[in-house]
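**Q** What follows is each chain in one-letter form.
Number of protein chains: 2
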Amino acid sequence: MKSLILYNWEVRDEYIKAFSSLSKEELFKDRNAGLGTIIKTLLHIIDVEYSWIRAMNKKPDISINLDEYKDLPEVLELSNQLRVEIKEYINQWNDNLENDRVEPSWMEESFRKGEIFRHILVHEVHHIGQLSIWARELGIEPISSNFIGRDIFNKLKNM
Amino acid sequence: MKSLILYNWEVRDEYIKAFSSLSKEELFKDRNAGLGTIIKTLLHIIDVEYSWIRAMNKKPDISINLDEYKDLPEVLELSNQLRVEIKEYINQWNDNLENDRVEPSWMEESFRKGEIFRHILVHEVHHIGQLSIWARELGIEPISSNFIGRDIFNKLKNM
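So the sequence lines, in the order shown, correspond to chains A and B. Taking UniProt numbering, the leading residue of the first sequence gets 1, the next gets one more, and so forth. Taking UniProt numbering, the leading residue of the second sequence gets 1, the next gets one more, and so forth.
Warning: the hint list may mix true and false statements.
Chain copies aren't distinguished; within one or between two, either way the pair holds.
[Claimed, not checked] As a list, the in silico DMTMM-like pairs of lysine to aspartate or glutamate whose alpha-carbon atoms are at most 25 angstroms apart:
hint, residue 1, residue 2
1, Lys59, Asp47
2, Lys155, Glu109
3, Lys155, Glu108
4, Lys58, Glu98
5, Lys155, Asp67
6, Lys58, Asp151
7, Lys155, Glu103
8, Lys2, Glu115
9, Lys87, Glu98
10, Lys59, Asp71
In short, the hints are calculated from the structure, not lab data. Keep in mind it's a predicted model, so treat the numbers as computed, not measured.
With the hints as extra help, turn the sequences into a complete structure.
**A** What follows is the structure, encoded as structure tokens:
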């Protein structure tokens, strides 16, 4: 499970870097699908991961205003900043927590932590798939979505 | 891990159903991104999952000719047919297999089974993200990519 978070972070960072060549116009252009714009999709990925991790950690949600971020360096800074808290949570994760139930502060329904963890994982991969289409349309070589070949298991040791 | 395979299958089936309203022209239209066409993307998802499961099972690859399939009912039939063998493999999976290494018949490199399993999982989610963009462009409501709310853990019992 942790390895898939690390995979997501690596791919996310590579997309932020790849999109750094885009004009503000392209970054903020409404593409009529997914979250609309490239910058909102990246922020939404970061926001959703953070919200659910805090829910698993039984902390209230801190909402992120997607309209506040003006460029990719700001997005990257937010992403890196929130990872400190997320890493702390992930590093104490163990499979005995799978069946614990929590109710996120923004919902009136409880979920098993194992279910939430998987929800977080597929959420980012799904939106990255959307970004790959837009990348290609904009003449940017999409980032490899391969899990193999990234040496993720070894990198986990330094997480 | 098994739960994410079940999630992938459920979302895949829902997309095949949602796309059944599309004309052949739209299904086979080159969209200049991802695998090119909607039908090829679906077949590629099925093909890659099957190839890697057979590799984990130390069986030689059986390649699928993506140009042989003429409509979505044929794609669905292939998907359902291959699931029988995949299910059998998945049902004997246990975490002790994580570090076993295998070399797929089409490569000259070995990988840990745990690495391959995660590769299979994210591969489908990534391509489904691409399909969600094309769905929206074609006026089809994209399938929910949520893991929560699908009751996957309970459905696993019948897998």
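**Q** Can you give the numbers of the hints that this structure goes against, from lowest to highest?
**A** Numbers 5, 10 - these are the hints that the structure violates, sorted from lowest upward.
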